[in-house]
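Peer 1: Chain by chain, the residues:
Number of protein chains: 2
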Amino acid sequence: MDLKAYLAAKRERVDEALKSVFPAPEGPAAEVVKAMTYSLFAGGKRLRPILCIAGAEAVGGGGEPVLPVACALELIHTYSLIHDDLPAMDNDDLRRGKATSHKVFGDAVALLAGDGLLTEAFRLMSAAGGPGAAAHADPRAILRVIRLVAEAAGHEGMVGGQVVDIRSEGRQVEPGILEFIHRHKTGAMIAASVTAGAIMGGGTEEDVEAAARYGRHIGLAFQVADDVLDVEGDSAKLGKGVGGDARKKKVTYPSVFGLARSKEFQKSLVEQALDALRHFDEKAEPLRAIAVYIIERKK
Amino acid sequence: MDLKAYLAAKRERVDEALKSVFPAPEGPAAEVVKAMTYSLFAGGKRLRPILCIAGAEAVGGGGEPVLPVACALELIHTYSLIHDDLPAMDNDDLRRGKATSHKVFGDAVALLAGDGLLTEAFRLMSAAGGPGAAAHADPRAILRVIRLVAEAAGHEGMVGGQVVDIRSEGRQVEPGILEFIHRHKTGAMIAASVTAGAIMGGGTEEDVEAAARYGRHIGLAFQVADDVLDVEGDSAKLGKGVGGDARKKKVTYPSVFGLARSKEFQKSLVEQALDALRHFDEKAEPLRAIAVYIIERKK
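Quick note, the sequences are listed as chains A and W, same order.
Residue numbers for the first sequence follow the numbering used here, beginning at 1 and rising by one.
Residue numbers for the second sequence follow the numbering used here, beginning at 1 and rising by one.
These are computed hints drawn from the structure, not numbers from a lab.
Heads up, some of the hints might be wrong.
Said to hold, decoys possible - For each label pair, taking beta carbons as the anchor points, the in silico distance ranges come out as:
# : chain 1 : residue 1 : chain 2 : residue 2 : range
1 : W       : Leu259    : A       : Ser20     : 27 to 33 Å
2 : W       : Gly176    : A       : Asp138    : 39 to 45 Å
3 : W       : Asp138    : A       : Gly60     : 46 to 52 Å
4 : A       : Glu232    : W       : Ala30     : 51 to 57 Å
5 : W       : Leu3      : A       : Arg171    : 50 to 56 Å
6 : A       : Thr204    : W       : Asn91     : 48 to 54 Å
7 : W       : Ala30     : A       : Ser268    : 26 to 32 Å
8 : A       : Glu232    : W       : Ala246    : 52 to 58 Å
9 : A       : Ala9      : W       : Arg140    : 39 to 45 Å
As the list claims (entries may be wrong) - As a list, the in silico DSS-like pairs of lysine-lysine whose alpha-carbon atoms are at most 30 Å apart:
#  : chain 1 : residue 1 : chain 2 : residue 2
10 : W       : Lys249    : A       : Lys103
11 : W       : Lys34     : A       : Lys248
12 : A       : Lys103    : W       : Lys250
13 : W       : Lys34     : A       : Lys249
14 : W       : Lys4      : A       : Lys249
15 : W       : Lys4      : W       : Lys267
16 : W       : Lys267    : W       : Lys250
17 : A       : Lys250    : W       : Lys34
18 : W       : Lys248    : A       : Lys34
19 : A       : Lys103    : W       : Lys103
20 : W       : Lys4      : A       : Lys248
21 : A       : Lys34     : W       : Lys250
22 : A       : Lys103    : W       : Lys248
23 : A       : Lys103    : A       : Lys34
24 : A       : Lys34     : W       : Lys249
25 : A       : Lys34     : A       : Lys98
Quick caveat: nothing in here was measured; it's all calculated off a predicted structure.
Built from N, CA and C at the ideal position, the CB exists for glycine as well.
Please take these sequences and the hints and turn them into a complete structure.
Peer 2: Listed below in structure tokens is the structure:
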């Protein structure tokens, strides 16, 4: 399949849906909406929404009901980047080649823009079954997805991973802690994206379990590949300096296991992800291609 | 009715429910859970959860189904306080007489503890209809409540009010902007608390509308009373210095209208709130008593 065309088409669909969430900001609080959309439209790959849509397609869904959930995943991803970049956390001035939120809007508004995006993500999902939404979205499925996404984003998921990541900077850590960080900080939301798609697409319990298994493997593979790219990558393509992890004393797979073993590891994760997809037919082709893309991408 | 006993009993019920949300923290990310519970159990009045329960009782509900929502409201309130206290915002060292989260855990963990509480609030609500939960919670009602709470907490509610509040510090503002800040920063979540209770309690559309109208009036009254207390209050009872608003150059009702007019205004808001309650029978007694308490409290 032509993955490039697939990603471009889905990205456009997601961007359109995201734009419709935020009409032109007005009123006294317009500034925070500007900050929210500034980061939301700063050039992300939309990987999580696309994985969500591809997860729905794999089970024979993928129409309108999945879109609010796909958008919500990107809102949560964007909030996490804004808060990560704050002086209280990584103190980064640049993200994807653009000034970070707090450099443009100040720390207070950046903080609140992150809070606003996280909150809006849940509003969007809750509205997926409401008036004006696709009528066949099952309210119990939406509640299940909200719960799944909240678990993946909260202290038992991404937030938990970020805390351990911050506390591990500049330290020698056990491989088990390294895996904890990567599985929680990045892996949990990627896994939840595919799983949420399979649920919204109307998949069976077996479908949802296979999608979750695929998601867990590519979630970890994605962060290991990110670590590898940070060492080997092309600074212009990444939109940020190469070697940033080492500069920030982040704990990474190459720093603990070396480059060669990290690359072997990410390859074996993708193989396991593809194995989980045997459960599905050709409708899972995009998920298969994305798994390979995740470790072969250059940014 | 004996409001003091009512508040004490409900507070205990809410505290028990909140404790069951967070078992003893363990694992690599235990620190963030400690930070979340540190602030959650730092001595709040539990006004929002109690309003939620009282709202459910007013429509003849108030059993188990309302508790996860009541707890979620307190989690969101606590997150907003942690983020508000951060150096990026108000930079406060004390809250209710105790060191603020970032003074104890550092800025990064405090930020993430707030993010974790906000996220957990939505997980809790989404689980209200799931396995192990009260079986008669209607999934559509839960989705409606999640949407209502997200609207009240996000950029069209509390977050929007906070942005305008921050941007108005040290400035002369129009009375319309002052009302915008108070209605959004504090009023929206208080109104949502009562309304969510009426929905979870199984109220009719008329019930829900009356509860919302009551909530809007007491929501604004609460923040005006807070402004007045900041000028007139007893520092020991408040657990913070009196006159903090003036020191921080916050825009308040007394600073714009003077004390006498501010007190008249809060009284008329409570009268309007009581008027909205005429729709209900004696089961709304607690809501009636709370409306009066809101402007007569000393902390």
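Peer 1: All hints, please: hold or fail.
Peer 2: Hint check results:
1. Leu259(W) <-> Ser20(A): 27 to 33 Å: 46 Å, violated
2. Gly176(W) <-> Asp138(A): 39 to 45 Å: 43 Å, holds
3. Asp138(W) <-> Gly60(A): 46 to 52 Å: This hint is violated: roughly 28 Å between Cβ atoms.
4. Glu232(A) <-> Ala30(W): 51 to 57 Å: Given a distance of about 35 Å, which is not inside 51 to 57 Å, the answer is violated.
5. Leu3(W) <-> Arg171(A): 50 to 56 Å: With a Cβ separation near 52 Å, Leu3(W) and Arg171(A) satisfy 50 to 56 Å, so the hint holds.
6. Thr204(A) <-> Asn91(W): 48 to 54 Å: Check passed, 52 Å falls within 48 to 54 Å.
7. Ala30(W) <-> Ser268(A): 26 to 32 Å: 30 Å, holds
8. Glu232(A) <-> Ala246(W): 52 to 58 Å: Between Glu232(A) and Ala246(W), where Cβ atoms are some 56 Å apart, the hint holds.
9. Ala9(A) <-> Arg140(W): 39 to 45 Å: 33 Å Cβ-Cβ, so the 39 to 45 Å window is violated.
10. Lys249(W) <-> Lys103(A): Roughly 24 Å separates the two Cα atoms, so the pair holds.
11. Lys34(W) <-> Lys248(A): 26 Å, holds
12. Lys103(A) <-> Lys250(W): The hint holds at about 24 Å.
13. Lys34(W) <-> Lys249(A): Holds, because 25 Å separates the two Cα atoms, which is no more than 30 Å.
14. Lys4(W) <-> Lys249(A): 54 Å, violated
15. Lys4(W) <-> Lys267(W): 21 Å, holds
16. Lys267(W) <-> Lys250(W): 22 Å, holds
17. Lys250(A) <-> Lys34(W): 24 Å, holds
18. Lys248(W) <-> Lys34(A): 26 Å, holds
19. Lys103(A) <-> Lys103(W): With Cα atoms ~24 Å apart, Lys103(A) and Lys103(W) stay inside 30 Å; holds.
20. Lys4(W) <-> Lys248(A): Distance ~53 Å between Lys4(W) and Lys248(A) Cα, so the pair is violated.
21. Lys34(A) <-> Lys250(W): Status holds; Cα separation ~23 Å.
22. Lys103(A) <-> Lys248(W): 23 Å, holds
23. Lys103(A) <-> Lys34(A): This hinted pair holds, its Cα atoms lying about 14 Å apart.
24. Lys34(A) <-> Lys249(W): OK: Lys34(A) and Lys249(W) at ~25 Å, within 30 Å.
25. Lys34(A) <-> Lys98(A): 15 Å, holds
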